[in-house]
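Engineer: With the hints as a guide, bring both chains together as one complex.
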Amino acid sequence: MTYFESYLTVGAFIALGALLVGVVLVLARALAPSNPSAEKLSTYECGVDPVGSGWSQTYVRYYLYGLLFVIFDIEAVFIFPWAIQLESLGMFGLIEMLVFIGILVLGLVYAIRKGVLRWE
Amino acid sequence: MTFEIDYLALAPELVVAGTIIAALLLDLFLTRSKKYWVAVLSVVGVAGGLVPIVYMLAEGGTRSMFDGSYVVDEFALILKIVFLVSGYLVLLMSVSYIEADRYYQGEYYFLLLSSILGSLVMSSSRDLIVLFIGLELTTGPLFLLAGWRKGDAKSNEASLKFFILGVLSTAILLYGMSLLFGLTGSVEFTAIAAAIPDLVSEPALALSVLFLIVGFAFKASAVPFHFWAPDTYEGAPTPVAAYLSVNSKAAGFVAMLIVMYTALPGISEVWAPALWVLAALSMTVGNLSALRQGNIVRLLAYSSIAQAGFMLVPFAAAAVAGSDLAQAFSATVVYLVIYALMNLGAFAVVIAGARRTGSGDIDDWAGLGQKDPVLGLLTALFFLSLAGIPPLAGWYAKFVMFASVIEAGGISTLVLAAIAAVNSVIAFYYYARVIKAVWLDTPSEELLARPGREYAGSIKLTLAISMGLTIAIGIYPTFATYFGEASRVIATGGG
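Protein sequence lines correspond, in order, to chains F and H. Our numbering puts the first residue of the first sequence at 241, with every later residue one more than the last. Our numbering puts the first residue of the second sequence at 1348, with every later residue one more than the last.
Bound-form chain H, shown alone (with noise of 0.2 Å):
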């Protein structure tokens, strides 16, 4: 064991975790109406973690420590850059709502921050153990934060789902990596590659490659193991909302990834095929259950449902297939930064549309277009590019992926491509329909009554960054596809 340290790799996540340090004291000693500093504190050190990746971006290679356990490679680097911009954005949206909401405001950043630092250990993490306490560390916070507002019933129902179903996939996911560790003999994504070929008969693997699967489904909300996001959507905080959606989703897809393709390739024709069923599932029932959703987080949480089935077309496709999984992982990491962008705007509509209508239903939000023009552009920005609609970045995300799956090859990766395209069309209707309310619609007398608020800054700034990259990637895809690109250089860290 060494211990040699190589600070410059460590230090997104040594900024990161001196920001919570520093807010968590700075909330001890500042007075309640000076609150919103510790918020500034955390903006400004997220914004500051992005430093030195761009520095390591731009300098190239890979830096492996821990044996090997925790390695930074362009791959891990291009994910904590998804990871803390769209941490920046939820901590920006975050700002006016938790201020307004009158309780703890301090330990949210805390929390927050915290999550976002689990998310950014999960990335470089190339062994079971660093991976678990990074995957932890994220979803840990969450279980407070999504019950935040804790005068409300449902957000305490939110949060004791979320815990309960939680800590009962971190079960399962344990129980399948000591399998693994048991049959095995190590922890090490490549030492446990390397030990797959000589135990492929033997039974327990299969067993514990699915509990592996199932575990990280969970915190990846595809069906059939969904059930507990809608409702935990919908009571957390909106913010907390749009972080589940976007961060917690990403962490437990990435982790599911990075175990199937560094540890586990060897032995893909078990996984393949549960990927495959996971990804047709999701996109099917997220989309056929969103269609009939009143509410507008509640449709938020069965599209982002539906496109985690989307994300994981072209990795199942490719791994059914037999093809290049590098190809795959590219697209997959192309659409998880199109569609963080897309969403997080999405939710930030819904914040400013909430506040402007006092409500969260789809049918109170008739005629907002007419009170409020610009938020109505936003609106149907956000939910035509999350439905795929050139010159919008959200059909790039779906032609990368329909490209990889029909560079796979063979009849069940086509299969899987027209369950895509059904669903693609699923979707469109649903979006579509928030359109139409804010637009054509006309408007009740209350709407119209409604005093006209001035937004926050922040609220306006997040609006402001995620339309202009969803425009963007849109238009320039190029962009896009260099996250994409490097994102293949994933190094398996050596032993």
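If we strip away everything but chain F, and leave its shape as in the complex, we get (with noise of 0.2 Å):
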């Protein structure tokens, strides 16, 4: 029966898998010298004293503004690939750009109308 030796195969990947976790454990445990001080094991942040606890709030327009930024910037990734072919592209390219800016635009429109730009 053919497919049971397929599914060896895939029982082998799974126990391999399993054996690569436990051994990486295991050597992680043997190897590393544990030595702890109270600087090591504070919370990492990029190398710098955490400030605050964990749970900080931070206000929730920070967040709109950061999706905002996240749309505009992916657009630069498609727009930069088509100004370069530009030219071979022609204008069926540059009418398929502007429906696609067109569209975006319409993001900023909804964004601006639903009162995400305010700052109050």
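The reader is advised that the hints may include incorrect statements.
Claimed, not checked - Below, in silico cross-link-like pairs of lysine-lysine (DSS-like), each with a Cα-Cα straight-line distance of 25 Å or less: (1) F:K354 x H:K1783; (2) F:K354 x H:K1382; (3) H:K1497 x F:K354.
FYI, nobody ran anything at the bench for these hints, they're computed from the structure.
Structural biologist: If you want it as structure tokens, here you go:
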């Protein structure tokens, strides 16, 4: 039965995956020197001493701004290759890009109308 | 790479996409009391998407674009009709529900339409990337929609569970796709199918196929990947639960079948047993769990898991037996069409019944038939149809399923048929329990005292359409057979 062979390989993959995790954990425990200090046990925050607790609150508007920024950032990813190939893509490419930007602008209009950019 | 675009072939998607943009804009400039115009626009837009599909079906032929990555054949057109009609019914049943909830109405339709657009794209996809985009566009908006009643802790739970498991399944799916691409060097289904014979001895191939199945099974909520479904259905707004149980389930399901059928027929000995197990487990676990449910939405959730098992049966059986997959494909599509109609009808009954009784518990529905005979009759109609009693559409779905299994032949397929037969009987018990509560149990004082409110016109229309089609297909099944026969024409797109 061929499919039992195929599933045997799947089983081998699962066993190997589990084994790898186990080996790495054991190796880390066996090889790493354990020498804790207060400095090492504090929360890592890009090398700077952590300030306040992990539950500090962030103004929700930052999140909306961040989201808008990401949208327009991604837009650039599509516009750059288009700009490089502008001549070969021609009129068709131009119209396509205008449609694409138009839809993104609609997103901006939506955000403005919903008051996302009002900072009070 | 060619940039020839066949605008007629893309017309359904373009109409829906245009409706999405228009709905978003309309929502911005309407006052709160006029928001229902967004709903009207969405309903009209989805119906408009059907026009080019009917035209293309009448014309016949296959249209292929983008080097065969995007194919509009009869199979794709049939599925688009299924997705659009069920999306249409869900939109109709949403109108009064969402209006009563007073949350963001415009965005609701925007997100639901986006999901419908995703399923349209998915039906035409003949390469892994388009398939992935379509499938994610289908499920992405649903994470938000499941949590729509944001003041309700259950709705938040529904959304979070769905999101976390959905993302996990996406990751597994992508892993499988990346392995498949790495092995075959192509994302197009025809090219993958051509490369498979040289790779049969490759161990990672079996792994990638299983990853794909796991990813799709999550979306189709087949056992053992169904844990999110009952909680999500219960917490989500009921129309969204209806959408999840029909469109989103069908999308995952169809994606799995397209990939298996067009890209991986060469190694059916790997995926056929896996599908066999999925089908048997989904039917059995879904039905046995449904027996114990007191909440009607949870009951429908488990019943839809079991129905997904029934849907898998023809395909799994044909693949295990090594017989004609096209025959099984048409049986599955017939089942899908009928299931979509009767399940949406059942959910519309739940919405109406919850308004009438103020509860989702089956015990509280006792005596609903005396209070509201029409609703009681409809409850009986849709639940009997789900159970597969003639002359309602459900019997034909089951008939086609069993017929295709027996045609496939072989011991293991007969075992599967026996499991399906036992499960049909189990299912009848819990469907009948709802009907018994509605008709035979004595109504509570509280229910009789509740004021008899008029239903919204949109919910009546939903019930009327699904009722009409359920009865029509049951009496005249040739109509559904047409869908099945046409769906045999699944073009691989060429390369």
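Engineer: Kindly indicate which numbered hints from before are broken by the structure, ordering the numbers from low to high.
Structural biologist: 1
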